[in-house]
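Q: Each chain is listed here by its residues.
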Amino acid sequence: MPVLDMLKTELREVNATLQAAAKAKGNEAFTIENPRGAHAMAVGLDGPISVTVKGSTGYYCAGMNKLATVHVTGSAGPGVAENMMSGEVIIEGDASQYAGATGHGGLLNIKGNASSRCGISMKGIDIVVHGNIGHMSAFMAQKGNLVVLGNAGDALGDSLYEARLFVRGSVKSLGADCVEKEMRPEHLEILRGLLERAGADAKPEEFKRYGSARNLYHFNIDHADAY
Amino acid sequence: MDKTPQKTPQTDPRQSWTFSREINSEIRRAAATGIYDIRGGGAKRRVPHFDDLLFLGASMSRYPLEGYREKCDTSVVLGTRFAKKPIELKIPITIAGMSFGALSGNAKEALGRGATLSGTSTTTGDGGMTEEERGHSEKLVYQYLPSRYGMNPDDLRRADAIEVVVGQGAKPGGGGMLLGQKITERVAGMRDLPVGIDQRSACRHPDWTGPDDLEIKILELREITGWEKPIYVKIGGARPYYDTALAVKAGADVVVLDGMQGGTAATQDVFIEHVGQPTLACIRPAVQALQDLGMHREVQLVVSGGIRTGADVAKALALGADAVAIGTAALIALGDNDPKWEDEYRELGTTAGAYDDWHEGRDPAGITTQDPALMARLDPIAAGRRLRNYLNVMTLECQTIARACGKSHVHNLEPEDLCALTMEAAAMAQVPLAGTNWWPGKGGF
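Protein chains in written order, with UniProt numbering: chain B, 1 to 227; chain U, 1 to 445.
Keep in mind that a hint or two might mislead.
Taking CB as the label site, the calculated pair distances span [what the hints assert, rightly or not]:
no.	chain 1	residue 1	chain 2	residue 2	range
1	B	Ala24	U	Glu416	37 to 47 Å
2	B	Asn151	U	Ile381	37 to 47 Å
3	U	Tyr36	B	Leu7	52 to 62 Å
4	U	Arg346	B	His218	44 to 54 Å
5	B	Lys172	U	Asp155	50 to 60 Å
6	U	Asp338	B	Glu10	31 to 41 Å
7	U	Asp155	B	Glu10	52 to 62 Å
8	B	His218	U	Lys340	32 to 42 Å
Below, simulated DSS-like cross-link-like pairs (lysine-lysine); rule was C-alpha separation at most 25 Å, straight line [said to hold, decoys possible]:
no.	chain 1	residue 1	chain 2	residue 2
9	B	Lys23	B	Lys54
10	U	Lys340	B	Lys23
11	B	Lys66	B	Lys143
12	B	Lys111	B	Lys172
13	B	Lys111	B	Lys66
14	U	Lys71	B	Lys23
Covered stretches of chain U, as calculated for chain B (at least 3 residues, CB under 8 Å) [what the hints assert, rightly or not]:
no.	region
15	9-21
16	202-209
These aren't lab readings, by the way, just hints derived from the structure by calculation. Quick caveat: nothing in here was measured; it's all calculated off a predicted structure. Yeah, the Cβ is synthetic: ideal placement off N, Cα and C, and Gly gets one too.
Extracted from the complex, chain B is given alone in its bound form (with noise of 0.2 Å):
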């Protein structure tokens, strides 16, 4: 398994590397080791590789990330897996704000909390965070699933559009437009399908369902006090 050691390699080379391999598609797996938190890291990958980050990340870890497997050992700092089209991005510690913002697709499984306006604007990706979300998740959410096993902070799915969001603790308040929905056998099924890929030890019946009321999709100057 090749190694980058960040100690003695530039950023630009990191990326550069496993960019190509990517591009190979030679399904090869790297390490990278002492990332010492670095930016934009393993960002614009297009390709199946499995990249193992052996420790913490800065802003913007596997931005982008396309097919690609990009797994961080530590924490991940803002951005992470921002824009991601598909592939996998796993955390086994924290991750900071804007966590999968504006993803297409791919999975973003975050073994622990996440900080506020985790899933922002996203737009089809799926996200599971095993421990606690951070205020303002899910805000003007597109499409997608967003699954928290703990709780969710302020003005959850404020401005939702067609996100699903499932939150098995509390949720703290429900932001512009987002309401509690019924859970149906096939949101249940969804459901089930993201816990166990994401390896989560939890059941669909645990949570509750949460969407938008679309009250707000059009607009009405009635709806101004909902701001």
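Once you've looked at the hints, dock chain U against the given chain B.
A: Leaving out everything else, chain U in the frame of chain B:
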């Protein structure tokens, strides 16, 4: 003695300047609907502008160049600071970002065709990159916007440059709203949202806040694209000195500065008319910031907002810009607000030249619409040629002025070539009031 009763003389009815007919009509509209007015375009109010500046021309101490004979270069290279592949343009006029969704696919294609024929670039907008646009634009700038609608790494790599949009002259600090009537299946699909609902474009980016974060965001974009693409940062005309300085600090290759006359697809009229600074007022502070940082000409400055003629181009360059961008003017060149559609404009309650309800999607010219029947009215090939012609005329006009000022490259135009007709313009442009060697803020008279 004449016994005929005399009519008492009366003064003519006097309209209030404060409560003008226009203001009163807006009060009545607001009272009837309860909704603020949303429209497209930029500020319509009269503000100090390039018309308030004049070129001095050559004289005893300045030798002119021969028109049609002596060379006056118009080429410009954008993105020389960090990018491996800077953008080389034949003319200093680019096409500003306008979204697919706000504009029809045919309009985007026409913009690409016209820009390519003239050797310049065009720019995507909110809503992602379309095939019409990429396929017909030799040089395409891909906007990286707060909404991230349609954003993906493949298009990022297919772009020739990336423009991180922080603000827009029509609405510094504001987002946007594409109303449901323009959200067709195609537009909705590109934006990952349901058909027919209003689509909110966020006012700030979802995953960074402030220049320190932006520096890291730019690093990420460079790492994803192998440091090949120039990174532009677009700012609205709010605090041009500090915003330019911070964009440079964050690592921009190019700063795009958009004044309040710059257009938008749909924003509240009160925002367009009352927030932001005129383009003329923004240029010198931005250039000063670049000069203070030793970055003038190393980080290029593109100015937009109310550019209409080659004279405007020349004046912006003389004040220190490297290039300009046009949006509204380009749409007019394509056929927007053409009097030939006057009957239909009347039916919409407006008139040619004043039509600005672009958000409603009923544009008779087929440009700001997603209605198939209206879209079909715009022939992208013919419209592209019109844009090419217009861009060429502007370039020739700019060259004409530059030669008259004795410049062999349009970038050699300088503030010393200008004077101002009004105190306001003199203060903003920091060039002498005509007939004096003084401007407000400068000592002596």
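Q: If a hint holds in the structure, say so; if it doesn't, say that too.
A: Results of checking the hints against the structure:
The supplied range of 37 to 47 Å is broken by Ala24 of chain B and Glu416 of chain U, whose beta-carbon atoms lie about 57 Å from each other. For Asn151 of chain B and Ile381 of chain U, the Cβ-Cβ distance of about 59 Å falls outside the hinted range of 37 to 47 Å, so the restraint is violated. A C-beta distance of roughly 57 Å is found between Tyr36 of chain U and Leu7 of chain B, which places it inside the suggested range of 52 to 62 Å. For Arg346 of chain U and His218 of chain B, the Cβ-Cβ distance of about 28 Å falls outside the hinted range of 44 to 54 Å, so the restraint is violated.
Taken as a hint, the range 50 to 60 Å is violated for the pair Lys172 of chain B and Asp155 of chain U, whose Cβ atoms sit roughly 38 Å apart. Our hint of 31 to 41 Å for Asp338 of chain U and Glu10 of chain B is violated, since their Cβ atoms are close to 55 Å apart. Taken as a hint, the range 52 to 62 Å is violated for the pair Asp155 of chain U and Glu10 of chain B, whose Cβ atoms sit roughly 27 Å apart. The hinted range of 32 to 42 Å is satisfied by His218 of chain B and Lys340 of chain U, whose Cβ atoms lie roughly 34 Å apart.
The hinted pair formed by Lys23 of chain B and Lys54 of chain B meets the criterion: a straight-line CA distance of about 23 Å does not exceed 25 Å. Proposed proximity of Lys340 of chain U and Lys23 of chain B is contradicted: the alpha carbons are some 53 Å apart, above 25 Å. At most 25 Å may separate the alpha-carbon atoms for a hinted pair to count; Lys66 of chain B and Lys143 of chain B meet this at roughly 18 Å. Restraint check for Lys111 of chain B and Lys172 of chain B: satisfied, since their Cα atoms lie roughly 21 Å apart, inside the 25 Å limit.
For a cut-off of 25 Å, the pair hint linking Lys111 of chain B to Lys66 of chain B stands: about 21 Å separates their Cα positions. Taking the CA atoms of Lys71 of chain U and Lys23 of chain B, the gap is near 47 Å; set against the 25 Å cutoff, the hint is violated. Under a criterion of three residues with beta carbons nearer than 8 Å to beta carbons of chain B, the stated coverage of the region 9-21 of chain U fails, only 0 such residues being counted. Closer than 8 Å: that is the beta-carbon criterion, and the region 202-209 of chain U has 4 residues meeting it against chain B, so the requirement of 3 holds.
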